[in-house]
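*Asks:* Next come the chains, spelled out residue by residue.
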Amino acid sequence: MDNCMGVIDFSCTDQNFGTLTKKRAAAMLPFGGRYRLIDFFLSNMVDQDISTIGVFTGTKIRSVMDHIGSGKPWDLNRRFNGLFVFPPLYDDEKRTSVGDIFHFHSNESFFVRSSEENIFISDTNMLLKIDMNDAYKCFKESDADVTVIYKRVKDPGGRFINCDKLAISQDGTLENIGTNLGTEEEFNLFAGSLFIKKDVYLKIVRSAIEKGNAGFLKEALMNSVKRYKFNCYEHEGHIESIRNVKNYFDANMNLLDKDIYSELFSQFGIVYTKNQDEPSTFYKENATVTNSIIANGCIIDGNVQNSIIFRGVKIGKNAIVKNSIIMQKTKIEDNAVIVNAILDKMVTVENGVEIIGNHTVPYVVEKEMILSREEII
Amino acid sequence: MDNCMGVIDFSCTDQNFGTLTKKRAAAMLPFGGRYRLIDFFLSNMVDQDISTIGVFTGTKIRSVMDHIGSGKPWDLNRRFNGLFVFPPLYDDEKRTSVGDIFHFHSNESFFVRSSEENIFISDTNMLLKIDMNDAYKCFKESDADVTVIYKRVKDPGGRFINCDKLAISQDGTLENIGTNLGTEEEFNLFAGSLFIKKDVYLKIVRSAIEKGNAGFLKEALMNSVKRYKFNCYEHEGHIESIRNVKNYFDANMNLLDKDIYSELFSQFGIVYTKNQDEPSTFYKENATVTNSIIANGCIIDGNVQNSIIFRGVKIGKNAIVKNSIIMQKTKIEDNAVIVNAILDKMVTVENGVEIIGNHTVPYVVEKEMILSREEII
Amino acid sequence: MKKEKVLAMLLAGGQGTRLKTLTKDLAKPAVPFGGKYRIIDFPLSNAANSGISDIGILTQYKPFQLNEHIGIGSHWDFDRNTGGLRILSPYTNEIGGRWYKGTANAIFENMSFIDHVDPDYVLVLSGDHIYKMDYKKMLEYHIEKKAHATISVIEVPWDEASRFGIMAADKLGRITEFAEKPEVPKSNLASMGIYIFNWKVLREYLLEDIKKEDSSNDFGKDIIPAMLGDGLGMYAYTFEGYWKDVGTIKSYWEANMDLLSDDNQLNLYDRSWRIYTKNKNLPPQYVSEGSIIKNSLVNEGCVIEGHLEKSILFSEVAVKKNACVYNSVVLSNAVIEEGAKVCNAVIMEGVTVKSGQEIGEKDSNNVYLVSADDIIKE
Amino acid sequence: MKKEKVLAMLLAGGQGTRLKTLTKDLAKPAVPFGGKYRIIDFPLSNAANSGISDIGILTQYKPFQLNEHIGIGSHWDFDRNTGGLRILSPYTNEIGGRWYKGTANAIFENMSFIDHVDPDYVLVLSGDHIYKMDYKKMLEYHIEKKAHATISVIEVPWDEASRFGIMAADKLGRITEFAEKPEVPKSNLASMGIYIFNWKVLREYLLEDIKKEDSSNDFGKDIIPAMLGDGLGMYAYTFEGYWKDVGTIKSYWEANMDLLSDDNQLNLYDRSWRIYTKNKNLPPQYVSEGSIIKNSLVNEGCVIEGHLEKSILFSEVAVKKNACVYNSVVLSNAVIEEGAKVCNAVIMEGVTVKSGQEIGEKDSNNVYLVSADDIIKE
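Protein chains in written order, with numbering that gives the first Met the number 0: chain L, 0 to 376; chain P, 0 to 376; chain F, 0 to 377; chain R, 0 to 377.
The shape of chain L in the complex, shown without the other chains (with noise of 0.2 Å):
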């Protein structure tokens, strides 16, 4: 994809997701076993070739810092070109507390600097794997000014309700953006994503910061879709809205359907993450593991069942792990038992401890914790 750089918003609120965002982005939330949701947004760009990449981080950076680091993991960490982070700063002379607009401005030259025209910017509420190249030669060809992905969905059981919902005239025109009440059972889901010319982005952001009418760089875009030629580009796959624990924890599951598993980890690419050098994952005497995905480094000796296990988790002989997420290098001893649940990383379930949470509210222990069996005196 000649001619065109990516920027990673993280524009996601972090308010629904509990202790799980604490310390980090909802962007930086550990997925399908030994990722982090970012990286299925940088893996795309890069195995599509994009080579110039802003991610525009949220004020929690240090997980952020840790995890893409240089930017070697997806070949970013390039002399010319590559990965740019840009936290929000401090010193800058104007700043607002609402919203992002003035973090894309003051770092506009960013934008200037690059010799690519065209832009394509993704938010991170959204989870799914896009067929860039189609939609980018879509938007070179069309002419327009933007090019929205969206993806044309059913939804009875309403699981899009608060998500951005697109009108589309005929002609494929974007007529207006608002959000999806439920009203119709089929609809246009916005995908996060969307390409733009970079003059045209340019543009948009001063006017916004000029008139003052908007706070998030999402919301600028949005109030000029009258201004500019908006067009729409139909995603085919899957896709995720990630926006509470539940659809976290319900994204995570749907990669026990394989061909979810298939499209997400292998279709347009496959995904980058750091690598943590552990071996293969060792299954002893009484494993019996079934419908799980189970990332490397893993000693198993329990029963597990649906469930995504990340690396360099040891799950104890008669432990029982069912309908649950558990992250990396957490340990459940022996004879445990964990159902509906989501362990944050590097916990301990002691021996013969049980938890068990209910699938439409997971239960959620925080990184670290320490789940002992109550003394009875």
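The hints are simulated quantities; they were obtained by calculation from the structure and are not laboratory data. Careful: at least some of the hints might be erroneous.
Derived CB-CB ranges, DEER-like [to be verified]:
(1) R:Met110 with F:Lys100: 21 to 31 Å
(2) L:Gln266 with P:Asn222: 26 to 36 Å
(3) L:Asn350 with F:Asp269: 20 to 30 Å
Just a few of them, taken from the derived set where beta-carbon distance is under 10 Å, the chain F residues facing chain P [as the list claims (entries may be wrong)]:
(4) Asn48
(5) His74
(6) Asp78
(7) Arg79
(8) Gly82
(9) Gly83
(10) Tyr275
(11) Gly349
Beta carbons are placed, not taken as given, at the ideal position from N, Cα and C, and that holds for glycine.
Using the hints, position chains P, F and R against chain L.
*Replies:* Using the frame of chain L, we list chains P, F and R on its own:
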């Protein structure tokens, strides 16, 4: 230097450098034709085999991230150990607005996780090339908790007024650290760096937080002189204190002394910096250059005396540059005259413009300014 | 005072003919091992973990897969601005080109490179062995003994001793006798092919050795005996732990199987001495409903729908429904189709075991090497 | 649809014997040029600037300095996780070892590497030439013409034409005739030794060529004529700009001197097409009181106390008081002692011109090559 990690602490105040530090921390000031001050600290450590380095920056992190990036120029872009940059975080549960001690405390895990048992800590107020291996040997053999590096200076002119002053007992133990008011002509100047045992460092930081009696790491360390075994190591070589524009100007000019040039650039290893891929400097037909330091990528056709010329500077025909510091990519057109000035990056001085400062108050021109001729109506 | 400078020279040109089709397209150091590694990962990771920052890798035989695997050395943190990892292939000069002959000759031909690095010590390693060892400790021993050369040795079973270079040493560890593959071994202390030399000393002996027309230019056969003959201070550094030279298909299979015992000495899960390898960026393994996995080591990208016991699966292996893999080593991208049975076998990369096919028998000492073209019984 | 995949193969094994002592210890592509570069920096930087991400460098003759210079390719941004820069040296297989013979043979021997990369196009480059060229444009031309092969050509003076491979092309650029170093050239369009081939086509011709016992396995002598004979679509891509093959000491000296003219076509200061090289991390140059520098190119780390005119100084050269350097090229770490005079000379690396020594004369056509051992007049 096995078993020792490095820490660079940006506690140096930015307030006395005017517009030079508007967008950059004092530690990021350009120095010596092609460097930033921080390059000397990083290189000194790297050249003497410290392989884990934490940089605790102030809030102006953009220039830090641009310049240091992944640490490649210092070979610190490592999979294991390497460079860690710690900007102050927004998301700490407890923060204080004055001082950096909470910043160090909240990054305790960096220290705890690393395998090294000793720390070399340096602030960025003083510029010197330390014989670190020798100092480290002294630290280890004396079994002190802390070894403070100092230089015995004669200072009749008051260059080091307001710097830190050590009182050292007969047996070499540090008695206290205060501020030099110039009462004694000869005194022990604190060189801004010290070796400390990691466990002692951790105790001092924790104690300072719990007692609430220190805002800055340096303050906490100084408060502990009586509680732990502090001794001293004398630095033999050159030292510069960089606290304000005048010091900064003089420190640059001192490089025109060939001994100081050799010491700062070559002793105890070379100085690494970000590579700009500049070709050699071209001296044209009318160039007359004397007693100056010239970086690569310049094209010079004018007269340069007693000056420090950074990379990619252009100096036109009949232009005169005297006793000045000209930073990267600044353009001085034909017939311009610059005396006793500091021109920041990418300044343009138009044809025939004259600026003349005084050596005690150098004329400072902010980045990207254009100095044009006044129109006579 | 800077640290003493060590340069590691890793001999990675071995052909490994006794491994048959396993080494048809690659050098022995590139042979896959332990579910996700190649043999060379062990000495490379040892070097990285020992804090060695300069390493030359001497390749010669079919180096493409090895070069592709090593890349710029970034997986072992050897991608440095200065120093780091260098691949040293044979080259030509005014006189013409020369291939590496013996082990010592490979070092000799790279003398100008070594002189350029200017190390105090040269650590000679072989890319053929599987073990975990801290070379730093061996170097400390070498320095402490003020040795001219130190050879790492391991106790081997007496009946195998005649396959190795065998050492006799006095109480202080000083080597008194050395015999390369002796018919009647006098001790069971075998050379592991790991040497530390003072570069200046080695340099002289290499220059002398090259002048001898009848020399095979080999460390074990020529250089070590010559040094010993001159009465140089040569010490044996005794290594205790797992060390294996997998010479045959059967010993290769066994060494893999060793990893499945709970108390295996190689312990790949030890975070304090990790083994690094090329990262393939594969998704986690997928274990479907109805599958059974016991006592097995499974790597990323595998999709398991069948039955797996006492086996090692490399990356992206598919075990289909009702397929059964027992006591076997299955290399990357192999497919075991529905209902196929595999027992006591090594399945090579990308091989498909067809539906209904049965390989090997449960109660036998035979091991089968299965390639796309044939099956070799051993 | 991914981008069309190009693999660049850079031939860097040339000995460059006519450059005499300049190439005593290094291959011609490693010869220093232009104040801070080596010749190979030009094709490498061209490749980087043209957006090529896969490049194989074929070395053979004394590769140490070249390898040290290239390192892991990080200066040209070629240090990638996948792809990037690979050094391809001769290797052995079951049959034995083979050195690269002609230019085409070097590509043939690395066929399995190229097949592994699986490019659509192979761009063959030479490491011997100094020029700036956007290979992307040449590739676009190749694709647009639906060519099987495209050869980059440049107009040379008629009297030099018989030194080159000379082309005749029709109005559409299609090559109608090709003659390698013809005694009576029919045109002055010379091949620059830069070829783009469709890999599938080239692959077949290489396999055919290797069967011919009398072939010299050379692109210009064998492959191109064979393709032309078969009527393949071969096009000439005309390059305009600076291009130089520095064959002799004199032309080497002249090419350097070219850079001092204001309107030199190579323009090293053009930020849109930078030439990258290994970074030596040297301090800025120091110009003392009383020194004179005019019309000269001076690199980092130099200390100038004397008089410099119309000269090029590489890194860390010292010109002492009252020393005079005129019309000369001084390589790194040379020292011109007090009162020494150097004129019309090339001073090799690390050479000290002693106090009072005088080399060369002002009004003459002679150029002197000064090494530590001797002075060659040309």
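*Asks:* Does each hint hold? Answer for all of them.
*Replies:* Right, here's what the structure says about each hint:
For the hinted restraint 21 to 31 Å between methionine 110 of chain R and lysine 100 of chain F, the CB-CB distance of approximately 27 Å keeps it satisfied. For glutamine 266 of chain L paired with asparagine 222 of chain P, a C-beta distance near 60 Å fails the hint of 26 to 36 Å. In this structure the hint that asparagine 350 of chain L and aspartate 269 of chain F lie 20 to 30 Å apart at CB holds, the actual value being about 24 Å. Here the hint on asparagine 48 of chain F is kept, as its CB sits about 9 Å from the closest CB of chain P, short of 10 Å.
Contact between histidine 74 of chain F and chain P, as hinted, is supported at the beta carbon level, the nearest pair being about 8 Å apart and thus within 10 Å. Here the hint on aspartate 78 of chain F is kept, as its CB sits about 8 Å from the closest CB of chain P, short of 10 Å. A distance limit of 10 Å between C-beta atoms decides the matter here; for arginine 79 of chain F the minimum to chain P is near 5 Å, and the interface restraint holds. The interface hint given for glycine 82 of chain F holds, since its Cβ lies 9 Å from the closest Cβ of chain P, which is under the 10 Å cut-off.
The criterion of a C-beta within 10 Å of any C-beta in chain P is met by glycine 83 of chain F, whose closest approach is roughly 9 Å, and the hint holds. Satisfaction of the interface hint for tyrosine 275 of chain F is found here, the shortest Cβ-Cβ separation to chain P being roughly 8 Å, below the 10 Å cut-off. The criterion of a C-beta within 10 Å of any C-beta in chain P is not met by glycine 349 of chain F, whose closest approach is roughly 30 Å, and the hint is violated.
Of the hints listed earlier, those the structure fails to meet are numbers 2 and 11, in rising order.
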